[in-house]
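4 protein chains.
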Amino acid sequence: MKIKVGVLGATGMVGQRFIQLLNDHPWFEISSLTASKRSEGKRYSEAAKWYIEGEMPEQIRDMEVLPTKPDIDVDLVFSALPSDVAKTVEPEFAKKGIAVASNASAHRMEEDIPLIIPEVNPEHLALIEEQKKKRKWDGFIVTNPNCSTIMLTLSLKPIDDMFSVKEVAVVTMQAISGAGYSGVPSMAILGNIIPYIGKEEEKMESEPLKILGKVENKKVKNANIKISAACNRVPVVDGHTEAVFVKLEEKAGVKDIIDAFESFKGAPQRYKLPTAPEKPIYVMQDITRPQPRIDVMVEKGMAVSVGRIRTDKLFDFKWVVLGHNTIRGAAGASVLNAELLVKEGYI
Amino acid sequence: MKIKVGVLGATGMVGQRFIQLLNDHPWFEISSLTASKRSEGKRYSEAAKWYIEGEMPEQIRDMEVLPTKPDIDVDLVFSALPSDVAKTVEPEFAKKGIAVASNASAHRMEEDIPLIIPEVNPEHLALIEEQKKKRKWDGFIVTNPNCSTIMLTLSLKPIDDMFSVKEVAVVTMQAISGAGYSGVPSMAILGNIIPYIGKEEEKMESEPLKILGKVENKKVKNANIKISAACNRVPVVDGHTEAVFVKLEEKAGVKDIIDAFESFKGAPQRYKLPTAPEKPIYVMQDITRPQPRIDVMVEKGMAVSVGRIRTDKLFDFKWVVLGHNTIRGAAGASVLNAELLVKEGYI
Amino acid sequence: MKIKVGVLGATGMVGQRFIQLLNDHPWFEISSLTASKRSEGKRYSEAAKWYIEGEMPEQIRDMEVLPTKPDIDVDLVFSALPSDVAKTVEPEFAKKGIAVASNASAHRMEEDIPLIIPEVNPEHLALIEEQKKKRKWDGFIVTNPNCSTIMLTLSLKPIDDMFSVKEVAVVTMQAISGAGYSGVPSMAILGNIIPYIGKEEEKMESEPLKILGKVENKKVKNANIKISAACNRVPVVDGHTEAVFVKLEEKAGVKDIIDAFESFKGAPQRYKLPTAPEKPIYVMQDITRPQPRIDVMVEKGMAVSVGRIRTDKLFDFKWVVLGHNTIRGAAGASVLNAELLVKEGYI
Amino acid sequence: MKIKVGVLGATGMVGQRFIQLLNDHPWFEISSLTASKRSEGKRYSEAAKWYIEGEMPEQIRDMEVLPTKPDIDVDLVFSALPSDVAKTVEPEFAKKGIAVASNASAHRMEEDIPLIIPEVNPEHLALIEEQKKKRKWDGFIVTNPNCSTIMLTLSLKPIDDMFSVKEVAVVTMQAISGAGYSGVPSMAILGNIIPYIGKEEEKMESEPLKILGKVENKKVKNANIKISAACNRVPVVDGHTEAVFVKLEEKAGVKDIIDAFESFKGAPQRYKLPTAPEKPIYVMQDITRPQPRIDVMVEKGMAVSVGRIRTDKLFDFKWVVLGHNTIRGAAGASVLNAELLVKEGYI
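Protein chains in written order, with numbering that gives the first Met the number 0: chain C, 0 to 346; chain X, 0 to 346; chain Z, 0 to 346; chain P, 0 to 346.
In case anyone wonders, no lab produced these hints; they're calculated from the structure. One thing to keep in mind: the hints can contain errors.
With a cut-off of at most 20 Å between alpha-carbon atoms, the simulated SDA-like pairs for lysine to any residue come out as follows [stated by the list, open to error]: (1) C:Lys299 with P:Met296; (2) X:Lys299 with Z:Glu57; (3) P:Lys299 with C:Lys41; (4) C:Lys41 with P:Asp285; (5) C:Lys48 with P:Asp285; (6) Z:Lys246 with P:Lys225; (7) C:Lys312 with X:Glu204; (8) X:Lys312 with C:Glu248; (9) Z:Lys312 with P:Lys202; (10) P:Lys312 with Z:Ser205; (11) X:Lys220 with X:Glu166.
Ranges between beta-carbon positions, derived for each pair [said to hold, decoys possible]: (12) X:Arg42 with P:Lys48: 33 to 41 Å; (13) Z:Glu52 with X:Tyr270: 25 to 33 Å; (14) P:Glu57 with C:Arg60: 33 to 41 Å; (15) Z:Val84 with C:Glu201: 55 to 63 Å; (16) Z:Pro273 with X:Arg42: 34 to 42 Å.
Glycine included, C-beta positions come from ideal geometry on N, C-alpha and C.
So here's chain C without its partners, still in its complex pose (with noise of 0.2 Å):
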């Protein structure tokens, strides 16, 4: 017997991503999607156009979208809404009893609720049992990062768990996809950058600290490092690759560091989810690689790709870090918080 599962925003890019992950999910099973007035009632079909790889599964063709509101029948939601829909919308979810994987930014930092990257803080699912208490939920949400957040915290974690890092200077090359469909039209891209993405460098700068902190007194006390990052618009089409200067606590060389990437293992690759990669970071030895159009389907999306560690003058290390933004940085990453907290016993 799956768990009931919906998808909330179902019609957009994100929401898209979450239906092709959840089609034929060994443990998940759509039977609801919700999107904004505009398609309420309509057939998916209908309402949706399909942007994704492959064809639009044709179990959810004929499905009717839903108003998003919290009276479907499901015990778990998945959800691709825009922020300020999500600010007030997710709650009403959560007081009712479901369980909210989200992966909209409206409340990834407040204090009782998780940002979670399997592989990185599983153990900040305790702050769900506070969540409830406080807000008398008897359900609850769960977040996962910004998409270019997941991909520098991923490979960070296992370097700083060896060596402690303190300081971070990133700048992130972000595919298209990470503005939705229609985020960025054609004439502002085409040859072109962008050295601007709202909101962005604030979330790269803010949310790896909570993931890294530690849970102290039903709280987390975040990580003590510095992070500043310059975030660019760049024309591919799916991937954002980003190039990281770190700085160490510790003595390393440049083996320790491939050493901690390659022996990297999380909660998700012991519980085995289904959604988990075998191995979260690949190590690319191919001095001009990792590039988005050719590594971002690594283990279908959900590994990241790291290349070119070397030694630095300024900082310690630097390197090149690419993952999927729409499915290890987004959809991919609820999927996994949400196996997750079933195997936990959350759902």
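Assemble the complex: chain C is given as a structure, and chains X, Z and P must be docked to it using the hints.
Below, chains X, Z and P without anything else, positioned relative to chain C:
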């Protein structure tokens, strides 16, 4: 009476930019074009396929392409030679009494060879005297930096003058034209990023130290700055975009930084050199700019554009700088060097 | 004394091209800018983000954006209105005695409204008299064709004049700017082709028949040509490229066709209109051209380029024609129409 | 027991596609890889940089790259040789008793050499007998058409069978991978169209006539169809898109055409060949498709997609056809040919 000049390596991308910039130049007149064996003896229009916007200038279509040997009758040559060729060939020209304005990297870091950005370190031309004496040359070599170095260093100079730059991290997003016409296969870069450019990071981490250094005892004493660079190729035709992080010795506010950029002028502006931009640095107000496709031709490609100047929690400031890699960053840089040489009596 | 003109729909792509072309125009002076509700009452620089190369002209930055109503004090307006708005609004201007040079498709095919390419059918302006009489207007409307129609028809005209065109098949590869700034999401077109453009094929199959027709009894008698079009969107910023197949009534050789293109001149060239290209058609010798990125700005975007003229075993000849879709194909077309109107005494 | 096969020209784009398709093939097993002088004697992983999605298969990484000589111990070779090399080398293999499934153009139009699309003209394999006899070869050569020809001809076949095709005009928009990895410099194609591909139009205008022809007296009698082609390179990675205009002998309606496409099956489908698509032709309902980035991988790249089927006033019908140029249009075409050869007892 114009000065007769030669262009060495006249058939490639940078060679063509030289021809474009020297066509109708008020001081210089192309009288010789040289290229590799393959092109020798052909008319220029047979030897070269014209790659850049506009048509091949009429005046040079029928000129014979000569071998790259110092027996041509000119006072000045512009060198767009590959570095390995430049290594041995440029000195032969200098020995014969010819001034060489070189875009090649071969001699840039040699002790007695000036590495010049006219707005930044015109006083380094003083090395020429020593160079001629030591090498017993009647002519001399003057070089301009790597394309990415030029944009970075132009943006560092006014800030270094006023607040003393201590540390710099820079991540580049570089145009395909920087690798020459056939340098980057479309299969390699369409919808993609390549996070590696051979020898580029080394140049960016060393050249600015010489350029921002001081001439003492007929030598350049390098500036005391730590620089770390990460270089990327992006699917943009012309224009290198650079995300720059800077730590300063002295306190400054964002307005100070903007004022320093806005008020910056150098020797080319004071001398009103023909190819000099009116202002070498433009500060963009729009938070989404500078962007290469839109802003690369500011002042005919001879000015750089700076934007997103903001404080930083890890360094002190960060900004974005953009410039035209084959104009300001290559052929235009050499031509401006040559104009400075004329104005200061070296030619 | 310049003629005061208004630009209707001044904030979009074509509106901005109008402003660019009318800035410093010797005969016209922009005195009014209009746009939709959203922009009314704002300064132009607040209402519009400048999309095209170069900066927003200083003169219009502080002009107030007016509602699109015929109470503005001008003799001539250029219309970049969407077709559905143009349908009702342009007649209101004409009724008030204003000459409307329109790029909208709304009225192009109406019997008494001239559809003009000044090099092709200037004599169709004779319809104006009938239009004013019949509609009891003090002003009038003159239209220019669809962007793709203009390139095609300019290349057909000299051949039709000499050898009588009977059949035409044309396949277009159209730039993204043709759909307006936000018309084509980057997710839709990056590394892709869209083999459909709404209503474009219908326009290309009908408009040339009117333009190449003859005025008889105050009406246009359509040309007796069969045209079939297939239209595609491609990832090119500016410039529509068209593969054209043509069957002729009379015998001709390749050289005849080339000569006909090369020697072609029309009213704008004879009158030396300010925006007229010296030659409306350029024949490229290089077998790999015309190419949009390289050739689109020939004669400031007002000439078309033709290449690969060759005999054909199915039709008689085939060639490639390229032109700038928002200059020659839109704003420049309307401005050239207006210049013709002035020269011939209609304004 | 699998059949041992060799891949000639194994390091290039098409060679890599062969390896990808033959890896884990149920009937064939790669036992030899050959390449040019430069690669001889190296391990495959040293000789070749892997260009296509996914990683280089483990099994072939350590295989030695051999010279392209007929002394290898195989029954069948797949040839991805350049045409000029194939001209002399392929016959040497055939002479030694090896079956050559060639993607090269060198021998396609020779009278006694079959030019095969298994769904279209499997009966042309009858030429093999004549070929072996006449040339006194123990082996033989079978070729597949040019990539653009395959898409076109697959879409013509069902229509020709039912309504007899008389005239065809076709304009292609071809992917960069069609020119090999280094074939198209990014400077040539980024944001651009090149309206010329060497020898492509000639192939498209002649090859379909042979393929759609009938074997009579041990020769192919060409089909009586007139074809005109215009070929363009576009900035798309994989997938040739073709706008096709068709005049028929017999009357037909749009529904007839759609039905003919939908119901079309050929020998590969009847034989259930391992590489055969379930359906060779997919009809897209969405008016904006087929699109290369989205639709190129239908049936693992072995089916073509057809869309926008409509009547035409000049011809009778027009449509758009899309296929994967290096899978269905090259390596996959040869592999399917070889599977047909096995099934019909030629190997």
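Run the structure past the numbered hints and jot down the numbers of the failing ones, going up.
-> The structure breaks hints 3, 15; every other hint is satisfied.
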